[in-house]
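From first to last, the protein sequence lines are chains E and A. For the first sequence, the residue numbers in our numbering are 1 to 431. For the second sequence, the residue numbers in our numbering are 1 to 431.
Please note that the accuracy of each hint is not assured.
One copy or two, it doesn't matter: identical chains are merged, so the pair holds either way.
Below 16 angstroms or equal to it, Euclidean Cα-Cα: the simulated EDC-like pairs (lysine to aspartate or glutamate) are [stated by the list, open to error]:
(1) Lys342 with Glu126
(2) Lys22 with Asp305
(3) Lys342 with Asp107
(4) Lys343 with Glu126
Just so you know, the hints here were simulated from the structure itself, not pulled from any lab data. Quantities reported herein were computed from a predicted structural model and do not represent experimental measurements.
There are 2 protein chains.
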Amino acid sequence: MIRLDSSDPTFAEDFARLLTVKREISEDVDETVRGIIAGVVKGGDTALVDYTRQFDRLGEGFTASALRVTEDEIAAALQACPPEALEALRFAAARIEAFHAGQVPGDRMETDALGVTSGWRWTALESVGLYVPGGTASYPSSVLMNAIPARVAGVPRIVMVVPMPDGQSNPLVLAAAHLSGVHEVYRVGGAQAVAALAYGTETIAPVAKVVGPGNAYVAAAKRRVFGQVGIDMIAGPSEVLILADGHANPDWIAADLLAQAEHDVAAQSILITDSAELAEAVEAAVERALTTLPRQEIARASWRDYGAIVRVRHFDEAVPLVDRLAPEHLEIETQDAEALSKKIRNAGAIFLGSHTPEAIGDYVGGPNHVLPTARSARFSSGLGVLDFMKRTTILACTPESLRALGPAAITLGRSEGLEGHARSVAIRLNL
Amino acid sequence: MIRLDSSDPTFAEDFARLLTVKREISEDVDETVRGIIAGVVKGGDTALVDYTRQFDRLGEGFTASALRVTEDEIAAALQACPPEALEALRFAAARIEAFHAGQVPGDRMETDALGVTSGWRWTALESVGLYVPGGTASYPSSVLMNAIPARVAGVPRIVMVVPMPDGQSNPLVLAAAHLSGVHEVYRVGGAQAVAALAYGTETIAPVAKVVGPGNAYVAAAKRRVFGQVGIDMIAGPSEVLILADGHANPDWIAADLLAQAEHDVAAQSILITDSAELAEAVEAAVERALTTLPRQEIARASWRDYGAIVRVRHFDEAVPLVDRLAPEHLEIETQDAEALSKKIRNAGAIFLGSHTPEAIGDYVGGPNHVLPTARSARFSSGLGVLDFMKRTTILACTPESLRALGPAAITLGRSEGLEGHARSVAIRLNL
Numbered sequence: 001m002i003r004l005d006s007s008d009p010t011f012a013e014d015f016a017r018l019l020t021v022k023r024e025i026s027e028d029v030d031e032t033v034r035g036i037i038a039g040v041v042k043g044g045d046t047a048l049v050d051y052t053r054q055f056d057r058l059g060e061g062f063t064a065s066a067l068r069v070t071e072d073e074i075a076a077a078l079q080a081c082p083p084e085a086l087e088a089l090r091f092a093a094a095r096i097e098a099f100h101a102g103q104v105p106g107d108r109m110e111t112d113a114l115g116v117t118s119g120w121r122w123t124a125l126e127s128v129g130l131y132v133p134g135g136t137a138s139y140p141s142s143v144l145m146n147a148i149p150a151r152v153a154g155v156p157r158i159v160m161v162v163p164m165p166d167g168q169s170n171p172l173v174l175a176a177a178h179l180s181g182v183h184e185v186y187r188v189g190g191a192q193a194v195a196a197l198a199y200g201t202e203t204i205a206p207v208a209k210v211v212g213p214g215n216a217y218v219a220a221a222k223r224r225v226f227g228q229v230g231i232d233m234i235a236g237p238s239e240v241l242i243l244a245d246g247h248a249n250p251d252w253i254a255a256d257l258l259a260q261a262e263h264d265v266a267a268q269s270i271l272i273t274d275s276a277e278l279a280e281a282v283e284a285a286v287e288r289a290l291t292t293l294p295r296q297e298i299a300r301a302s303w304r305d306y307g308a309i310v311r312v313r314h315f316d317e318a319v320p321l322v323d324r325l326a327p328e329h330l331e332i333e334t335q336d337a338e339a340l341s342k343k344i345r346n347a348g349a350i351f352l353g354s355h356t357p358e359a360i361g362d363y364v365g366g367p368n369h370v371l372p373t374a375r376s377a378r379f380s381s382g383l384g385v386l387d388f389m390k391r392t393t394i395l396a397c398t399p400e401s402l403r404a405l406g407p408a409a410i411t412l413g414r415s416e417g418l419e420g421h422a423r424s425v426a427i428r429l430n431l
Numbered sequence: 001m002i003r004l005d006s007s008d009p010t011f012a013e014d015f016a017r018l019l020t021v022k023r024e025i026s027e028d029v030d031e032t033v034r035g036i037i038a039g040v041v042k043g044g045d046t047a048l049v050d051y052t053r054q055f056d057r058l059g060e061g062f063t064a065s066a067l068r069v070t071e072d073e074i075a076a077a078l079q080a081c082p083p084e085a086l087e088a089l090r091f092a093a094a095r096i097e098a099f100h101a102g103q104v105p106g107d108r109m110e111t112d113a114l115g116v117t118s119g120w121r122w123t124a125l126e127s128v129g130l131y132v133p134g135g136t137a138s139y140p141s142s143v144l145m146n147a148i149p150a151r152v153a154g155v156p157r158i159v160m161v162v163p164m165p166d167g168q169s170n171p172l173v174l175a176a177a178h179l180s181g182v183h184e185v186y187r188v189g190g191a192q193a194v195a196a197l198a199y200g201t202e203t204i205a206p207v208a209k210v211v212g213p214g215n216a217y218v219a220a221a222k223r224r225v226f227g228q229v230g231i232d233m234i235a236g237p238s239e240v241l242i243l244a245d246g247h248a249n250p251d252w253i254a255a256d257l258l259a260q261a262e263h264d265v266a267a268q269s270i271l272i273t274d275s276a277e278l279a280e281a282v283e284a285a286v287e288r289a290l291t292t293l294p295r296q297e298i299a300r301a302s303w304r305d306y307g308a309i310v311r312v313r314h315f316d317e318a319v320p321l322v323d324r325l326a327p328e329h330l331e332i333e334t335q336d337a338e339a340l341s342k343k344i345r346n347a348g349a350i351f352l353g354s355h356t357p358e359a360i361g362d363y364v365g366g367p368n369h370v371l372p373t374a375r376s377a378r379f380s381s382g383l384g385v386l387d388f389m390k391r392t393t394i395l396a397c398t399p400e401s402l403r404a405l406g407p408a409a410i411t412l413g414r415s416e417g418l419e420g421h422a423r424s425v426a427i428r429l430n431l
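If we strip away everything but chain E, and leave its shape as in the complex, we get (with noise of 0.2 angstroms):
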């Protein structure tokens, strides 16, 4: 674990370093992941089949029939979901639902003085392949912030691919896809799923954009096949940003952090505060709290490799730090959590206050859980409606607008050399 603190000398380089600490191990997967892909595209189900059989250990008995999971399955697992879970996913669906309808971006047609009508429309993608990994980093939550967006952006095709390895599925994952309405459900998985969905086979019908978070193979694929269609972020290892003050509470801190660094050996828990004694406290905290955590290994490798405590002498020059550092997930824990907020630039999520643990937001906040990682909050937002939808602007003119707009567009085409530019407006007005 690191210690911080911004009145050493060495301070600005110390800081430097903990922005720059590579925490992604990138595996070189980028030649198979092209020849998985060009299977999918030539071979189509057959591939897919077969990709499948070897890499999720399924026998010769699955065939191209058993890609789709059928309704029989799903309402079966929906069956087999502990009753407590499936109805905190429920309550987690609608308060996502509620938050999210309020992103439903407004179309706009005006007409200006000189008599140009302009504007845009929003329109739903006519269809989304929504990623979802399986075994342990298989979560329902994530279904649900994933696909509920699309659906709230009126997406009529809503497709999820999630690999069944050995046959197993997570019944909850399926129950989280029939709350949040997925139309289609198929059990692959890795490279061969997303080349699929890009592509199409002979059982799924290709999508415009392909959502989710993956393993580096998983990742790789949405990098080769972007053009091709559309992808959503490529999410990194989670992590959190935690400012408190004297009068936060330690334990709570500690539980916050290893809440994070839990994740993976690869997430970061950082703590900013302006008090010496907090510092010292959060840090024995967390080794208390670490002894009972059932992911304590992970938790610990994480803390160990890339927690830090960062000692400021007043929250000011916290501001410019947070915001190099970008994080995913920003917790407030001080007395002017508000204003402090309001002079932040870059941060995927803020959770304002002592009671709001950033666990809250994983699952029943209401705010979307895919939120750019690596600090690339510098440059980008958290998933959202606007992601299922696309703008198509809209310019009309009459004779006479454009008769007004149209000797400036013959100058400017003529001074870019586009003569034809010129003339197709020249043509019009006899000019």
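Place chain A on chain E using the hints.
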């Protein structure tokens, strides 16, 4: 030029072939670009100057101190512009600014029935780099279209890079930079300029996002730096699709098809019509107009290799064809243009009626001319203010509202095997 007819028995296959025609020659420059980026990351200004001397044919006299274009040079460029062109640029800038001002998104904060406060805040990116090509593809109108939305978004630092091969610059490009509020201009281009924007050098501070069109080297560099910074779309060759009925003027339609074709031999112009007479008349009009067009060699190659005239029995047949083509520009010159436009899902920009040639939108209409190409209007939008802003979601619970949400979060955390998540909530509720 391809002629298709929806009543032909082979139409489905013919149209599918039209969709998959590959117009872009993908040069394999990735290894070269990788080397250039690594060079700039390691060597900073020294490497940037070396590459610029080499690629832009500048002598030993070109040093780091000459990288930045001075205020005096920009003032001199303004003096050197033809007054009519400068006036047209000012007119265009004002219209583009007015249109984009309507795109600034609103913030939101609401407290729900449970007492949970949530919402979001939009903030401008802290800095943006705008790539402007040199030579013949150096369009002042593109400077306006890229920089003005950034200014409207409130980006406090807008940087422009433009190569000046053999020391030659385009005064209108510098004037456009001045008019649209660019803060810094550097005379560099190619992959080395993209690397400098993304990673910074001694002279050029790094930016958060790189936008703007460029050649194969620039496109490859943008793909490579994505993640380190944000990027806009990778632009392909331009395209227009025109829907026109028997009332349309064939000479006007021909002029619009050629305005697109003159851009690039890889540009594509397509007409869909329900009138055999119009189809024939447009084909003849294109041939006539070509003979006097300055860029007829380019336009003729584009029309010959990628142009198409598609006959349909009724425009209802055209709607799914349009959505599959997902054109960058869609002109609708039919009697019921507006009603027809509302049936279209996928198009970058729509130009309504016979007095709205696409070239008006290139310059002075108001909407952005940076639009999704190569069928990417299925999943993406033209450039706008939102591309220069990002959204931070905000969540705040009171002790009471945490008590209302907590149990569901604890249940979901445990069901996902994330006990640390559950505990960070439970500890605050004494559960």
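Going down the list of hints, with the structure as the test:
1. For a Cα distance limit of 16 angstroms, the shortest separation of Lys342 from Glu126 across copies, 15 angstroms, qualifies, whereas the shortest one inside one copy, 37 angstroms, does not.
2. Proximity of Lys22 to Asp305 under the C-alpha cut-off of 16 angstroms is restricted to the intra-copy arrangement: shortest distance 11 angstroms within a copy versus 48 angstroms between copies.
3. With identical chains, the CA atoms of Lys342 and Asp107 are at most 16 angstroms apart between copies only, with a shortest distance of 12 angstroms across copies and 29 angstroms within one.
4. For the identical chains of this complex, Lys343 and Glu126 are inter-copy neighbours only, at 13 angstroms across copies versus 39 angstroms inside a copy, given an alpha-carbon limit of 16 angstroms.
When the structure is compared with the earlier hints, no violation turns up for any of them.
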